[in-house]
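Novice: One letter stands for each residue in the lines below.
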Amino acid sequence: MKTDKSMQKISDKIGLPAGSMIHIGEQKVEEVLLSVINYDEENFEIKAIEEIKDVIPFKDSAAVTWLDVTGLHKPRVLENIEKYFHIHPLVLEDILNTNKRPKIEFYEDYFFILLKMISFNEDKKEIDIEQISLILGKNFVITFQEREGDVFNPVRERIKNGQMRIRKRGPDYLLYALVDIIIDHYFLLLDKFEEVIEDIEEHVINNPDNQIVQQIHDIKRNYIFLYKSIWPLKDVINNLIREESEFIQEATLPFLRDVQDHIIQVVEIIESHRDMVSGLMDLFLTNTSVKMNKVIKVLTIIATIFIPLTFLAGIYGMNFEFMPELRWRWGYPVIWIIMISIGTTLIMFFKKRKWL
Amino acid sequence: MKTDKSMQKISDKIGLPAGSMIHIGEQKVEEVLLSVINYDEENFEIKAIEEIKDVIPFKDSAAVTWLDVTGLHKPRVLENIEKYFHIHPLVLEDILNTNKRPKIEFYEDYFFILLKMISFNEDKKEIDIEQISLILGKNFVITFQEREGDVFNPVRERIKNGQMRIRKRGPDYLLYALVDIIIDHYFLLLDKFEEVIEDIEEHVINNPDNQIVQQIHDIKRNYIFLYKSIWPLKDVINNLIREESEFIQEATLPFLRDVQDHIIQVVEIIESHRDMVSGLMDLFLTNTSVKMNKVIKVLTIIATIFIPLTFLAGIYGMNFEFMPELRWRWGYPVIWIIMISIGTTLIMFFKKRKWL
Amino acid sequence: MKTDKSMQKISDKIGLPAGSMIHIGEQKVEEVLLSVINYDEENFEIKAIEEIKDVIPFKDSAAVTWLDVTGLHKPRVLENIEKYFHIHPLVLEDILNTNKRPKIEFYEDYFFILLKMISFNEDKKEIDIEQISLILGKNFVITFQEREGDVFNPVRERIKNGQMRIRKRGPDYLLYALVDIIIDHYFLLLDKFEEVIEDIEEHVINNPDNQIVQQIHDIKRNYIFLYKSIWPLKDVINNLIREESEFIQEATLPFLRDVQDHIIQVVEIIESHRDMVSGLMDLFLTNTSVKMNKVIKVLTIIATIFIPLTFLAGIYGMNFEFMPELRWRWGYPVIWIIMISIGTTLIMFFKKRKWL
Amino acid sequence: MKTDKSMQKISDKIGLPAGSMIHIGEQKVEEVLLSVINYDEENFEIKAIEEIKDVIPFKDSAAVTWLDVTGLHKPRVLENIEKYFHIHPLVLEDILNTNKRPKIEFYEDYFFILLKMISFNEDKKEIDIEQISLILGKNFVITFQEREGDVFNPVRERIKNGQMRIRKRGPDYLLYALVDIIIDHYFLLLDKFEEVIEDIEEHVINNPDNQIVQQIHDIKRNYIFLYKSIWPLKDVINNLIREESEFIQEATLPFLRDVQDHIIQVVEIIESHRDMVSGLMDLFLTNTSVKMNKVIKVLTIIATIFIPLTFLAGIYGMNFEFMPELRWRWGYPVIWIIMISIGTTLIMFFKKRKWL
Amino acid sequence: MKTDKSMQKISDKIGLPAGSMIHIGEQKVEEVLLSVINYDEENFEIKAIEEIKDVIPFKDSAAVTWLDVTGLHKPRVLENIEKYFHIHPLVLEDILNTNKRPKIEFYEDYFFILLKMISFNEDKKEIDIEQISLILGKNFVITFQEREGDVFNPVRERIKNGQMRIRKRGPDYLLYALVDIIIDHYFLLLDKFEEVIEDIEEHVINNPDNQIVQQIHDIKRNYIFLYKSIWPLKDVINNLIREESEFIQEATLPFLRDVQDHIIQVVEIIESHRDMVSGLMDLFLTNTSVKMNKVIKVLTIIATIFIPLTFLAGIYGMNFEFMPELRWRWGYPVIWIIMISIGTTLIMFFKKRKWL
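From first to last, the protein sequence lines are chains L, V, S, X and F.
No gaps in the numbering here: position 102 of the first sequence is 102 in my numbering, and each next residue is one more.
No gaps in the numbering here: position 283 of the second sequence is 283 in my numbering, and each next residue is one more.
No gaps in the numbering here: position 305 of the third sequence is 305 in my numbering, and each next residue is one more.
No gaps in the numbering here: position 136 of the fourth sequence is 136 in my numbering, and each next residue is one more.
No gaps in the numbering here: position 152 of the fifth sequence is 152 in my numbering, and each next residue is one more.
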């Protein structure tokens, strides 16, 4: 699990004027895909378009228009969005620069929300991070994704199905549904991570080795990264709810508060997971220390018993001519008795000290 | 003590529209049990009902109606509650999803409070956690429990008895009594935990072993979990008190402030327990380190004294033909004297360094 | 120093209605003692009374009435106070339950303050904790103590003396004087504790042993406990000052602000002491680690020098028939020279590495 | 990387009256350079001037005037600025004293912003820090730099180019552009630092040695220093946005909010880097501890196996006359068998304990 | 560096009424010295007086009167100040009790500021702490110092000189100048401390020993103490600026904001120094641990190589009659070859593990 794309050289742009439309971040799709969904309670239309200007007829209808832009590497597309939807150039700059932190900005004609889609890539065993931008206007929502993917698919399905509440509501409810689905993915990710933590915990308890330290360190970094990417979202949602605006209908507020609840829960889970992870490091260290203690005890016991005995044996291995003991009839058995007494005394000493 | 059901896959629901009534969490009772208590100062009636619609006659009376729902796995029951009591679908979704954090929500016709009943299961040596939801309306209270249990029994008894203050008061006082009894259980749990901490402390001081590390780690995790489950309740009660509403009578406020006091005390106890537990880990580590020091000292003393002596004995165990000392008459006693002097010198050296 | 009565089973009361007058906590005096002091600028009267109703004549006079209740185990006494002084049952419940955290509550006819008298019991080497409750009414103050003691005596003396400012002022000044004397005792306790910390520090530096770990751990627990018992008092005093009420005269405010200053200072001292104590633990651990390093160095030096030499001696202790060196005339002196060179080389190696 | 100039004796000035114009900090350029840029949508003029008074004609024109002062060691220059621009002496004192923390001050006729240009000097492998002061007046901006450098060059180029937005806007937009470019340099620096952290991490994992501790310590200090130099800027920008003033046009606000976003991001990156660095220290320590454990295990295994065997060999190296075993025909092979059994038993014991 | 006078028994005063004028703290001068400075733009007069009443003629003039009191042990002097300047007895009690924390109090006729003069006593290598109290009235300033010293001398000189701004301004500017000079001394002290930290850092890196632990511990305590003594001053200055009062002229505000800046900077420097010091402790511990690792490696290498070889030598030192190897012609050289192979194998093993 590596997450080192968190800082892809925002600095490449130094000295350019603000609002310069340069895509910062890796290019994740071949083509820029544009799709439009237009719906109200009765009607539903979905269409892939080639040019931004094709959206104009939809935009001017009373129905809700959802323009989804996948791929950010063609500035011309975004320039057209600037032109037809009157979006501030700084907003488009933010959309293109995929290193931004989550935020919300309120303009007269639209709201701009930027957040992160974070998922676990099972193949590469990495965290995948994608910047998602949403613009909510009077009767439209524009979404920007870095790469193709089915993250918004369930919402699309619900709109298509037609029986759901979503068709009866405005673009604010659509915005809610889109943000909600992204936050739901955070839970998925945290589920995955919780499994990893539990795996590591089992390892630490039963079979701690060098590698586990690396794993704890990696997951710790991942949580630093997750926290940084997610917690600003709390303020985003708070501000969205607090902002009294014609764009957000009264009836949508309970749903936004639900999202707020979710995001607080996500942040709290991350915090408690971080506590758990640092607890694991402590557990590992303490276990290591306890084990070292045991190893050293074994060494000490063996050395303390045999070093004096070896010394004694060494004494009677000396070649002095005049060593009366060597000639005694019972010298050898007596030395054995002495050695055994010393040994048992030491063992008892260790028993008393509870080292054995 | 394990608490790993804290995250039972909220993510299973991804892509479903908000307000989808799917019960997330394990099913803890066979049947969904419905009971109604209806009381005012003079009258008291308790009745088990089959269908939600049976509660209608009670609901329309002037007396306080308490509908208790045990078991959450029959969505139809909740749909009826939605229908007859006009509860927002998001509220019912929250009731069904037992992974929610404590919260309060204010709707026009009712308040919704969600909290956690936490108790210690003596049999399984585990923490039992149950999500309790309460809805306070103009003249009714609805409670939702995950499983059968006697947690609300004392309140039921007090209502039955009739002499108590509770019969003279409205549904807000009933709400207070129910929340209060849940918080009282937190104190029970913390009592239990404090005993565990004191047990561990005694162990750490007198008889520290490997297992104690595991126990400290477990209790630490439990406190992370407890803190997460309880502290949002502080805000819940604060908001309940601050919200000026017709549902809460002036006379109930001192009681709610009492609850607020209790919950602050619970949070402070948890915090001080967490400090104690991390103090225990430090104590254990320091003790381990002090002991290792002692063990190593013993090893060093024994090795430092006997290794040079063994060397000396080794010298005179060599088989050189020309070793004049070997032939001296007093060679053997002199070597003993030398060895004893070396030994006592080293012992004095250790005494001076306070190693002995 | 033990403080484990901090949680005397608040849980024993679960399921009882709020306001149940049951004394929770150990009984600390035989009898419940009631004393009344009545004073104004000219007059002073002190009297021990038997029944609460005896206080009525004093209560109705214009003078300041101070009713002191020592001992909390007779509910009937408190019921009478409820009756004659119109105190809310929840207040009396709080007074009886000696596990409460410090707090202030404002009622229409009186203020209720609950705080902790904490002192160091020199005999038992323990912290003594006693819950003190104060009720301030229009022209009276009621104080509740758990046990007999002379904590309020200096105030009583000042009232008796008559020349002091206290006689000219109202019950609010009396309240101030009583709270102030309790906070002054915190300084006494912290003086005592600072001595203990300095003792421990000296021990850690000069003569660290196993026991000191235990002492540091104990004092750490004491500070956790102290902090928990004292810091809520900050809010109590803040609220007392902020509450604009007829009970507090303008002229008393500077005195209350003085108390506020004191309590802030107490909390800051506790915090800096806690920093110091955890500094001591670090110092101890670092010292232990430095010492272990030294011990291991001695072991390593001795072993590294003598193990190779002993090996060499072992070589020439072998009994091979064909070992030419054994027969050399200068074999024995040469081996000594070799050994001495090895030894000095190793010593120089250690000197270079600064191990010696 | 050293940063010890952070406290260049602010104390040298003790006792001087406030507003004393003495340059505190090292002198970084030979000459004080003054350059004026005057521009509006149509015209652009750049000119190096000798004396402050030469700026007067520009100042009085309607166009935007940007006076750039490089070098702070000639008080007379600043005195003239005080005189011709009516700047408060305390402001000029702050400009001269290069140890100030970032701040903003609002005066009636101008705003004063002080911040730090921080860059990484590749040659000296040090952090370069330079204090930049900006004064925004009705139609002018004055900038003060400590040394020559091209930090503001890109802005100058954009003004010169003429097609850019900057020419159409007022001095507030110029101020924004200048502050923005400084903050962009923070990202550059953090990019550089992130590389260093990743280098260190690789080292810690693959090849940890003594030196790495020093490097981690150094980078930690650098982050302490960075944090101190940058985070007050958050308040500076907040205050700039919140201050409703004629100097800041409505249209410039989105740009300032963009800067605010950047600075928050910088602070968050610094915080997460600090977390990472302290994680590295933990990783290093744990790795060290794991390795020590392994080393000690090897020692223990070798010693535990051979010390008893050596003792046994010592026994039969004794020279007692009456040792029956020595004469046995199979004594020597039997002792080998015994020794091998002891050895294999011990090895199996270590295998069971997972030490091998 | 010792600072243990921080708590000189505030408790000695328990039970005394508030406002009791007893000097708590050591007596630092022989005599109580009184000096008066009277000045306006034209005139300047300085005079040592004997009695407080001698100040009356100055006090009633329109000029600014600065009364400086050095030495606090004569209560009568202060009683006269109470009498002639109408100062609240609690203020005078605070002035006398030199254990107070910095604070500001607003009375109708004057402001009272209490702060700490902290300096480093080069002779005793200790921190000197002195409580300074300032009273600002309509046209006077009273200062109280514990001991003689020249801390306010530079201000006195500036007044005497007469050309300075100070003569044209009121007593609020004098107050500012006095507070400012005290804060400037904090910078001096922190300069001194920074040098100490750098010294310690060099020691830790190049030549760590036991003593350095003690030094780190001492400086840590000093910072705990400094922080406690200085940071309340932040609030003092904030409140002084926020309080809209006739005593503070509009023109003095920028100077007070400058002081505010300084105090924030002091607090930030203390915080970053504390971070540095705890970084040093970590560095020392890590270095110690790395070194212990090296020592143990040496031990292990030597022991692991020679213990098996010594065992082998021991084998052939046994005296069995039937040991065929002993009689082989090449037994001795073969055993040498075997031993050398074992030794080189082990060395290669250690090389592979990077222990050598």
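Careful, some of the hints might be misleading.
Put simply, identical chains are the same to the list, so a pair is met inside one copy or across any two.
Below, in silico cross-link-like pairs of lysine-lysine (DSSO-like), each with a Cα-Cα straight-line distance of 27 angstroms or less [said to hold, decoys possible]:
1) K352 to K291
2) K103 to K138
3) K103 to K74
4) K103 to K160
5) K294 to K351
6) K192 to K228
7) K294 to K234
Derived by calculation from the structure, the hints in this document are not laboratory data.
Novice: Looking at the structure, which of the earlier hints fail to hold?
Specialist: Numbers 4 and 7 - these are the hints that the structure violates, sorted from lowest upward.
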